[in-house]
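K.L.:
From first to last, the protein sequence lines are chains Z and L.
Heads up, the first sequence is in UniProt numbering, so the first residue is 1 and it goes up one at a time.
Heads up, the second sequence is in UniProt numbering, so the first residue is 1 and it goes up one at a time.
Since the hints were derived computationally from the structure, they do not count as laboratory data.
The reader is advised that the hints may include incorrect statements.
Pair by pair, the computed Cβ-Cβ distance ranges are [unchecked claim]: (1) L:18 with Z:266: 39 to 49 Å; (2) L:195 with Z:300: 50 to 60 Å; (3) Z:326 with L:83: 49 to 59 Å; (4) L:300 with Z:260: 20 to 30 Å; (5) L:300 with Z:287: 23 to 33 Å; (6) L:300 with Z:206: 24 to 34 Å; (7) L:18 with Z:211: 56 to 66 Å.
Only part of the chain Z face toward chain L is listed, based on derived beta-carbon distances under 8 Å [said to hold, decoys possible]: (8) 250; (9) 274; (10) 289.
These numbers come from a predicted model, not from an experiment.
C-beta atoms are modelled at their ideal positions from N, C-alpha and C, and glycine is treated no differently.
Now for the letters of each chain:
Number of protein chains: 2
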Amino acid sequence: MPRPDVPDLVERARRGEARAVARLISLVENGMDGAGDAATADLRAVAAALAPHTGRAHVVGLTGPPGVGKSTSTSVLVGALRARGRRVGVLAVDPSSPFSGGALLGDRVRMGEHATDEGVFIRSMATRGHLGGLAWATPQALRVLDAAGCDVVLVETVGVGQSEVEVVALADTTVVLLAPGMGDGVQAAKAGILEIADVFVVNKADRDGAAQTVRDLRHMMSLDGDERGWERPVVPTVAARAEGVEELVAALDAHRDWMDAGGERRRRRLARARSEIQAITLERVRARIGDVSGADGLATLAERVVDGELDPYGAADELAGTVVAPQH
Amino acid sequence: MPRPDVPDLVERARRGEARAVARLISLVENGMDGAGDAATADLRAVAAALAPHTGRAHVVGLTGPPGVGKSTSTSVLVGALRARGRRVGVLAVDPSSPFSGGALLGDRVRMGEHATDEGVFIRSMATRGHLGGLAWATPQALRVLDAAGCDVVLVETVGVGQSEVEVVALADTTVVLLAPGMGDGVQAAKAGILEIADVFVVNKADRDGAAQTVRDLRHMMSLDGDERGWERPVVPTVAARAEGVEELVAALDAHRDWMDAGGERRRRRLARARSEIQAITLERVRARIGDVSGADGLATLAERVVDGELDPYGAADELAGTVVAPQH
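I would like the entire structure built from these sequences, with the hints used as guidance.
P.N.:
Encoded structure:
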């Protein structure tokens with residue numbers, strides 16, 4: 001396969017060409033999979049070419065327990081944003097599924113009404129059997145959509161659990177969806193999901209108990225409002241009938257404006273950049289450790305630990321002497 | 001609190017003093033929690049003092065879906081090993097619970113019959129709110145029990161999921177427990193749990209369908225026997241009535257002897273030592289990254305990434321120049 005012309009792809013992506021966007025995300029994914037030196041070089045070329053064109057998009061993460069209506073909510077949100085003339089990117093992330101293709105297909109079908117809209121980019125990502133791979137690829141995929149001129153990028157997590165919280169950490173604004181009668185309060189509190197929310201949605205608001213769930217949440221939010229400087233809104237919706245979606249868009253915009261006014265968006269982005277740079281650096285050290293051989297190589301040190309000559313901390317001291325730069 | 005006399009504690013632990021064993025494990029846990037420089041120094045002192053006295057114990061991991069009878073099986077296994085005059089350590093590990101104390105209490109009650117036996121050490125460990133902390137503390141706790149003269153250390157995982165697989169990676173011999181009528185085949189295959197087993201137990205073997213489950217597993221195992229050089233045995237048990245436990249002990253001994261004969265135990269321990277040394281070294285690099293400041297410090301590089309002057313990979317290049325030793 002010929003090496004891709006990355007600057008040309010980025011140029012075409014910036015003009016909104018869907019195929020160039022898709023190709024760039026694939027390059028990013030392949031580079032993350034450790035598919036060889038060429039793939040890594042492509043990934044680096046993509047990251048470098050994107051850098052000057054990123055930082056505009058409002059990244060919105062949507063999360064919540066299974067069955068709460070995340071997919072439907074994402075879809076109606078796309079419609080409402082398009083109606084305002086905004087370009088929208090959607091990343092549907094499934095940390096629990098190793099099947100990228102399946103998720104992609106399901107997503108295309110589900111997002112059928114937006115599939116032919118040139119102002120919408122939809123991409124599904126899965127772990128592809130490479131644990132942790134998703135955490136690496138998602139921020140780069142976000143950058144591609146950002147550079148492609150998306151005003152808003154929605155990151156929807158399909159799976160559940162810890163990885164969900166990690167993925168949401170990529171967003172400027174995190175929306176937590178709940179529904180009445182799911183025992184949400186306890187479950188959500190347990191998963192630490194209330195803590196990460198900037199905006200709450202109580203979906204299926206036409207069901208019994210919805211008003212109570214909304215009242216409970218609003219009461220909880222009013223208690224911690226001053227601490228954050230942002231009283232987190234609770235938006236009742238019926239996504240299946242597109243009810244409450246205008247209010248949700250307004251809440252997202254309000255949060256973005258609040259973040260920009262006080263410098264909070266920049267603070268969040270700096271924190272994200274720090275973790276990303278650190279993770280890449282550590283990955284590089286891991287590779288260096290694999291390269292060291294001889295008496296201070298990992299294999300020899302492991303033998304000495306197994307033979308009881310050295311403890312793992314002493315072994316790490318010796319290894320660090322080779323791979324870690326001395327402190328000035 | 002005065003600094004502990006680590007060599008004295010290790011000496012007393014080697015003589016089988018339960019309080020010294022418990023204190024050493026606590027020192028290890030505190031050091032892992034990042035409870036300050038003194039705690040880290042204690043951890044290092046403990047690891048160094050233990051090194052010459054480790055490597056004897058046969059480490060057996062027990063895992064399987066909730067409700068399969070892991071706790072009961074562990075308890076009767078302790079009884080059978082004690083009847084043979086062996087010293088036994090038990091680490092009950094719950095990756096999903098942040099509550100160390102609760103698990104401890106439950107365990108003490110459950111293991112009541114062994115609680116006063118001087119040849120048995122029982123310890124419960126939980127994450128104590130520190131994600132990943134358990135993965136760090138467990139191998140050190142194993143070393144304490146090993147040095148204390150345990151012939152066998154049983155590591156029982158209470159939680160479920162990925163962390164279970166990681167914890168089991170600490171064992172010389174991994175026992176996977178299944179029970180009839182739990183839809184185990186599919187579930188276990190999905191979780192990759194069949195792959196990690198060295199010995200299978202079909203517990204509750206007096207229930208309907210047990211014979212079929214045993215036959216199915218034996219057939220599967222006969223298919224891949226040659227590949228590993230070890231045909232993985234399937235042992236039916238009724239742990240609640242201590243049935244099949246002698247056969248299980250025999251299977252564990254046979255696996256240990258097979259590993260020792262062909263060098264497999266050493267290979268597994270070398271692999272474990274390698275990951276442990278690598279993890280400690282990376283943690284050290286992480287700390288170094290936190291110390292670097294100025295133009296090539298993480299904070300400044302993050303600003304340049306957010307401002308689009310640099311991509312995260314270019315930033316990692318600059319950071320690596322400071323924290324990673326140049327390659328010779």
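K.L.:
None of the hints should be skipped; say for each whether it holds.
P.N.:
A quick look at each hint next to the structure:
In this structure the hint that residue 18 of chain L and residue 266 of chain Z lie 39 to 49 Å apart at CB is violated, the actual value being about 55 Å. At about 29 Å, the CB distance of residue 195 of chain L to residue 300 of chain Z disagrees with the hint of 50 to 60 Å. Between residue 326 of chain Z and residue 83 of chain L the C-beta distance comes to about 56 Å, which sits within the given range of 49 to 59 Å. Between residue 300 of chain L and residue 260 of chain Z the C-beta distance comes to about 22 Å, which sits within the given range of 20 to 30 Å.
Between residue 300 of chain L and residue 287 of chain Z the beta carbon distance is about 24 Å. The supplied range of 23 to 33 Å therefore holds. At about 52 Å, the CB distance of residue 300 of chain L to residue 206 of chain Z disagrees with the hint of 24 to 34 Å. Hint check: residue 18 of chain L to residue 211 of chain Z, Cβ distance near 57 Å, so the stated range 56 to 66 Å holds. At its closest, the beta carbon of residue 250 of chain Z sits 27 Å from a beta carbon of chain L; the interface hint therefore is violated under the 8 Å criterion.
The criterion of a C-beta within 8 Å of any C-beta in chain L is met by residue 274 of chain Z, whose closest approach is roughly 4 Å, and the hint holds. The restraint placing residue 289 of chain Z at the interface with chain L holds, with a minimum CB-CB distance near 6 Å, inside the 8 Å limit.
The structure fails to meet hints 1, 2, 6, 8 from the earlier list, while all remaining hints are met.
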